[in-house]
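Respectively, the protein sequence lines represent chains A and B.
Per this note's numbering, the very first residue in the first sequence carries number 306; after that it's consecutive.
Per this note's numbering, the very first residue in the second sequence carries number 306; after that it's consecutive.
Source of the hints: derived by calculation from the structure; they are not laboratory data.
Model, not experiment: these values are computed from the prediction.
Keep in mind that the hints are not guaranteed to be accurate.
[As the list claims (entries may be wrong)] Here are the simulated lysine to aspartate or glutamate pairs, DMTMM-like style, with alpha carbons at most 20 Å apart:
{"id": "1", "chain 1": "B", "residue 1": "K821", "chain 2": "A", "residue 2": "D382"}
{"id": "2", "chain 1": "B", "residue 1": "K821", "chain 2": "B", "residue 2": "E853"}
{"id": "3", "chain 1": "B", "residue 1": "K567", "chain 2": "B", "residue 2": "D445"}
{"id": "4", "chain 1": "B", "residue 1": "K407", "chain 2": "B", "residue 2": "E582"}
{"id": "5", "chain 1": "A", "residue 1": "K821", "chain 2": "B", "residue 2": "D382"}
{"id": "6", "chain 1": "A", "residue 1": "K318", "chain 2": "A", "residue 2": "D388"}
{"id": "7", "chain 1": "A", "residue 1": "K529", "chain 2": "A", "residue 2": "E553"}
{"id": "8", "chain 1": "B", "residue 1": "K369", "chain 2": "B", "residue 2": "E467"}
{"id": "9", "chain 1": "A", "residue 1": "K855", "chain 2": "B", "residue 2": "D388"}
{"id": "10", "chain 1": "B", "residue 1": "K855", "chain 2": "A", "residue 2": "D343"}
{"id": "11", "chain 1": "B", "residue 1": "K317", "chain 2": "B", "residue 2": "D598"}
{"id": "12", "chain 1": "A", "residue 1": "K593", "chain 2": "A", "residue 2": "D641"}
{"id": "13", "chain 1": "B", "residue 1": "K805", "chain 2": "B", "residue 2": "E873"}
{"id": "14", "chain 1": "B", "residue 1": "K821", "chain 2": "A", "residue 2": "E383"}
{"id": "15", "chain 1": "B", "residue 1": "K855", "chain 2": "A", "residue 2": "D388"}
{"id": "16", "chain 1": "B", "residue 1": "K318", "chain 2": "B", "residue 2": "D404"}
{"id": "17", "chain 1": "A", "residue 1": "K317", "chain 2": "A", "residue 2": "D598"}
{"id": "18", "chain 1": "A", "residue 1": "K855", "chain 2": "B", "residue 2": "D343"}
{"id": "19", "chain 1": "B", "residue 1": "K821", "chain 2": "B", "residue 2": "E803"}
{"id": "20", "chain 1": "B", "residue 1": "K317", "chain 2": "B", "residue 2": "D343"}
{"id": "21", "chain 1": "B", "residue 1": "K821", "chain 2": "A", "residue 2": "D388"}
{"id": "22", "chain 1": "B", "residue 1": "K318", "chain 2": "B", "residue 2": "E411"}
{"id": "23", "chain 1": "A", "residue 1": "K557", "chain 2": "A", "residue 2": "D496"}
{"id": "24", "chain 1": "B", "residue 1": "K408", "chain 2": "B", "residue 2": "E582"}
{"id": "25", "chain 1": "B", "residue 1": "K593", "chain 2": "B", "residue 2": "D612"}
{"id": "26", "chain 1": "B", "residue 1": "K855", "chain 2": "A", "residue 2": "D315"}
{"id": "27", "chain 1": "B", "residue 1": "K318", "chain 2": "B", "residue 2": "E406"}
{"id": "28", "chain 1": "A", "residue 1": "K463", "chain 2": "A", "residue 2": "D366"}
{"id": "29", "chain 1": "B", "residue 1": "K464", "chain 2": "B", "residue 2": "D542"}
{"id": "30", "chain 1": "A", "residue 1": "K821", "chain 2": "B", "residue 2": "E383"}
{"id": "31", "chain 1": "A", "residue 1": "K317", "chain 2": "B", "residue 2": "E853"}
{"id": "32", "chain 1": "B", "residue 1": "K318", "chain 2": "B", "residue 2": "E383"}
{"id": "33", "chain 1": "A", "residue 1": "K463", "chain 2": "A", "residue 2": "D544"}
{"id": "34", "chain 1": "B", "residue 1": "K593", "chain 2": "A", "residue 2": "D740"}
{"id": "35", "chain 1": "A", "residue 1": "K821", "chain 2": "B", "residue 2": "D388"}
{"id": "36", "chain 1": "A", "residue 1": "K567", "chain 2": "A", "residue 2": "E553"}
{"id": "37", "chain 1": "A", "residue 1": "K593", "chain 2": "B", "residue 2": "D740"}
{"id": "38", "chain 1": "B", "residue 1": "K317", "chain 2": "B", "residue 2": "D426"}
There are 2 protein chains.
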Amino acid sequence: MMAANSVRSDAKKIVIIGGNACGLKTASRLRRRCPGYDITVVEQGRYLSYGACGFPYYVGDVIKDYRSLMGGAALRDEAYFRDVKGVRVRPLTEAVRIDREKKAVEILSAQSGERESLSYDTLVIATGGVPTLPDIEGVDGVQGVFTATTVDDAVAIKKHIEAHGVKSAVIAGGGFIGVEMAEGLVERGLDITLVKKGASFLPAMFDEEISLLIARHMTDNGVKIITGENVAQVLPDADGNLAGVVTESRRKVAAGLLLVTKGFRPNDRLARDAGLETGRTGIVVNTKMQTSDPAIYAGGDCVGCTDIISGNAMNLALGSLANIHGRIIADNIAGDDEVFPGVAGTGIFKMFNYTAGRTGLTEREAVKQGYDAVSVIVPGPDKPHYYPTATLIIIKLIGDRQTGRVLGAQVLGAGEVAKRVDIIATALTLGATADHLSKLNLAYSPPYAPALDNVIVAANVLKNKIACLGRGCSPIRVKEKMDRGDDFIYLDVRSPAEFKNMRIDHPSVMHLPLGKLRTDAETLPRDKEIIVGCMSSLRAYEAQRILEAKGFTDVVYMDGGLVAWPFEISRS
Amino acid sequence: MMAANSVRSDAKKIVIIGGNACGLKTASRLRRRCPGYDITVVEQGRYLSYGACGFPYYVGDVIKDYRSLMGGAALRDEAYFRDVKGVRVRPLTEAVRIDREKKAVEILSAQSGERESLSYDTLVIATGGVPTLPDIEGVDGVQGVFTATTVDDAVAIKKHIEAHGVKSAVIAGGGFIGVEMAEGLVERGLDITLVKKGASFLPAMFDEEISLLIARHMTDNGVKIITGENVAQVLPDADGNLAGVVTESRRKVAAGLLLVTKGFRPNDRLARDAGLETGRTGIVVNTKMQTSDPAIYAGGDCVGCTDIISGNAMNLALGSLANIHGRIIADNIAGDDEVFPGVAGTGIFKMFNYTAGRTGLTEREAVKQGYDAVSVIVPGPDKPHYYPTATLIIIKLIGDRQTGRVLGAQVLGAGEVAKRVDIIATALTLGATADHLSKLNLAYSPPYAPALDNVIVAANVLKNKIACLGRGCSPIRVKEKMDRGDDFIYLDVRSPAEFKNMRIDHPSVMHLPLGKLRTDAETLPRDKEIIVGCMSSLRAYEAQRILEAKGFTDVVYMDGGLVAWPFEISRS
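Bound conformation, chain A alone:
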């Protein structure tokens, strides 16, 4: 905690490298804490404090004016930081080298070309990330190839589309920004092809069941997806504008725009050159956000963060964390002992009318970490079924069988996803078990949530699985069994009308409505594995319990039902 009412009038020199979220938050907070300090921020670019996460929405024309991405009610320029924040900001100024012995930073002005040395008592490195640029043949001199790193990039992309009447684009990379850009450009009427090396979407973020649903929603909305290869070459037209790309397998895709979104790596060059400890995930910092040199702090996208569940270092480039880092750094420079506890790996993105969010560990990662992981897939309306705006969401919840601890979640759908992600992120950060989650007193009223919130239902289903009352089976495993031709029954327990309307077409499929199961179960074979399915898996679980009560011993239900079935469905 901070010293009571501390107004410090000692005069230290603080130099901050980087004028975006972390750097400027550090400067502003530190000014409020230590009015006597001399605070200088050097920023390589021309814009300060911009919302890079807003670029897809600017390019997609949801946001009309790029200037609105800067600052809040007032434009945040040099004058603003001088007059309001009492901070000296030097844009278009590159930090070239850190001299730790002399405690000085060599800077280079892009405008005057002059070099200068800024001495510091404490230095803050907030240099963000640099885009990963794959080796693509022919990009030099071709108009229409962009990353989406800076405000200038975002403005140039939009200008290029408008100036050249671009009708089709290729997006290289299937990360958050790639998917968000795809949506934005489809909404503008462009024909989009997304090219990515990996087979799954966001495999570090989502397990396969959810990843497949994400991919399906992209194609349902008209995005063409090419997986298993990168963009290898660009093809210009006679004017030097992009005409198309060629993939590694020599596939040609016509496109007037190529957006390279292969992710970012931490911009740790200055730190490395200065001999500070760095790693795969960026500059290494302790929980106080201090580098291996106690006079140098670092925060934002350029540092590695600890995953609070696995304890692993990870790089999570998010404006939210950069702001939290900045505040902690300022408080520690002011003499506090503020600690950054690490990250839950929470992420969210909009994908047409769907939202996809996640927090904590995936099931895959939980198993890798040695947890006895149990998972459930629970679809349900995000409000009571009778409320007109009730919309479906799917929660995959992952827990530890031994302790009941909540390890992670993935949430997807057209309904209210963000709330459920944040409830679970908060809960797992505070060490909650499935039992805690299942008894939360959440805000209930029909316009906002069903009586039992989706999170509570998912926690109950998880508890059932941990207690071996419910036994589930991933749709991925069911599909594998069908494809292999295993000898089992997929028992669909929905109503005849529902079954007629849509169903899985496979020889293993049998139909017997739940309401008949208590009387007609004897028509089912006792010598075969039965996998029960319904729409959401609630009735299938009920059916599993009914069959077990009747002495059937080899019964499971399919997690998530038809709603979460990412493969083909027959409709009539």
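Fit chain B to the supplied structure of chain A, relying on the hints for placement.
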């Protein structure tokens, strides 16, 4: 935790009184746990498992068909519970008396008039609540006076409005249901007058600052509010239909409909008559939901719950809790040791385009409980300012100065309120401090949240206050000082354009934009208290720090700024 894969085939007799959320959840869950048990549910009314919380939306015509309030995809009637759930349900059957010695319930069929005795091994009381009916002169025989307790009530209200072309209504009572009903009826085009005894809206749920904003939003949307008195008398027309009401002060209000929403009290008559322990908040149960007779459980609206923060007993009549209770009761009857941890007092309601939510203790209650309570009022957009759907919400967050523990919150506005309430409800249930809250890794992307979520900003402001960096003053106190004519300066630090556009009109008001404060502070008197104000209190806090750095010693900022100022504002 439950015994692994337990299918119990012993045959116990279970009787459940009440066929709504808690009773039917108990029955359904218990059937899945104990297939051999004999389970009977007796329900006094004709409808089962209905969503009473949906009534305002049915009456307001948001929900068209009352039948959709019952059950899920399928209608939940006797046949459904028999065929699907394997549970015997007896609607239109009253439980008249419990004979604890004989372990039997005397029941009376409304259809046949026959009495019967049902013996039990375990009994569950889930009798819900009964509406509080004030003494109103002349109600007998008058058409058009209703409570909103049962499906029949809801259907009758709607029918009465339509049959008689009702144009105006009086709502007696200003609780959640009263406010929700007011909205529904205004949206239908009715002229609404809300009559309530208390001066504040929902004083047990919201502190005065928020309560005043709630009342203002009601009147802004055309609801007339009469406080300080009850409806005393109804006036019929010649046909015996309601023509108007008379209040205690003999004020007449024309109205074709009177809705009495004076709240509910726990329906504990059977329990009391049977000698079970009951209290002010309903039937007394232990953490296993067992009454003072171990063979009798009770849950839902008829029981008292423990407030997890204060430890006090409270009655929180919510379908969400009733469902959680039902599950715990079933598990305990099945032999588990499931515990209900208590409630956070979370509530939410829709009020025109606003949402009002709350959790934990109010500041008033926290002080009463002996906490050294600190509170902040933090308005802000619910998404980045540049995102088109960004909308304002206000968070009042309450914490304990000694431990930093989060004690409660109230959230109000047209933006995404429910998410913030649920994050804080989850956090305080798990014992979070403001520091925990301020470092949460929440889901960030422009369509969903600002980079620093409103919850995180509120937690930071709370930490600032606890550390005495920020010093706030409630708008209520500022208004009192203005009304008393205290000698102080209200320093508005917004831009000249903002000040011209809207401001507080009072002799104490001075204007000096934040950007001039570092240079022109010397124009301010040093011998007077300065209360700094801006739009949201962010700039005012900055101003407070600047003035303190310049040696001003008596400076505070007004919590929540003009956004949360519930009194008159001059506009030009």
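Evaluation of the provided hints:
| no. | hint | result |
| --- | --- | --- |
| 1 | K821/B <-> D382/A | holds (16 Å) |
| 2 | K821/B <-> E853/B | holds (15 Å) |
| 3 | K567/B <-> D445/B | holds (18 Å) |
| 4 | K407/B <-> E582/B | holds (19 Å) |
| 5 | K821/A <-> D382/B | holds (16 Å) |
| 6 | K318/A <-> D388/A | holds (19 Å) |
| 7 | K529/A <-> E553/A | holds (17 Å) |
| 8 | K369/B <-> E467/B | holds (13 Å) |
| 9 | K855/A <-> D388/B | holds (15 Å) |
| 10 | K855/B <-> D343/A | holds (16 Å) |
| 11 | K317/B <-> D598/B | holds (17 Å) |
| 12 | K593/A <-> D641/A | holds (9 Å) |
| 13 | K805/B <-> E873/B | holds (15 Å) |
| 14 | K821/B <-> E383/A | holds (15 Å) |
| 15 | K855/B <-> D388/A | holds (15 Å) |
| 16 | K318/B <-> D404/B | holds (15 Å) |
| 17 | K317/A <-> D598/A | holds (17 Å) |
| 18 | K855/A <-> D343/B | holds (16 Å) |
| 19 | K821/B <-> E803/B | holds (15 Å) |
| 20 | K317/B <-> D343/B | holds (6 Å) |
| 21 | K821/B <-> D388/A | holds (7 Å) |
| 22 | K318/B <-> E411/B | holds (15 Å) |
| 23 | K557/A <-> D496/A | holds (15 Å) |
| 24 | K408/B <-> E582/B | holds (17 Å) |
| 25 | K593/B <-> D612/B | holds (15 Å) |
| 26 | K855/B <-> D315/A | holds (14 Å) |
| 27 | K318/B <-> E406/B | holds (16 Å) |
| 28 | K463/A <-> D366/A | holds (8 Å) |
| 29 | K464/B <-> D542/B | holds (18 Å) |
| 30 | K821/A <-> E383/B | holds (15 Å) |
| 31 | K317/A <-> E853/B | holds (19 Å) |
| 32 | K318/B <-> E383/B | holds (19 Å) |
| 33 | K463/A <-> D544/A | holds (19 Å) |
| 34 | K593/B <-> D740/A | holds (14 Å) |
| 35 | K821/A <-> D388/B | holds (7 Å) |
| 36 | K567/A <-> E553/A | holds (16 Å) |
| 37 | K593/A <-> D740/B | holds (14 Å) |
| 38 | K317/B <-> D426/B | holds (6 Å) |
Hint compliance for this structure: every hint is met.
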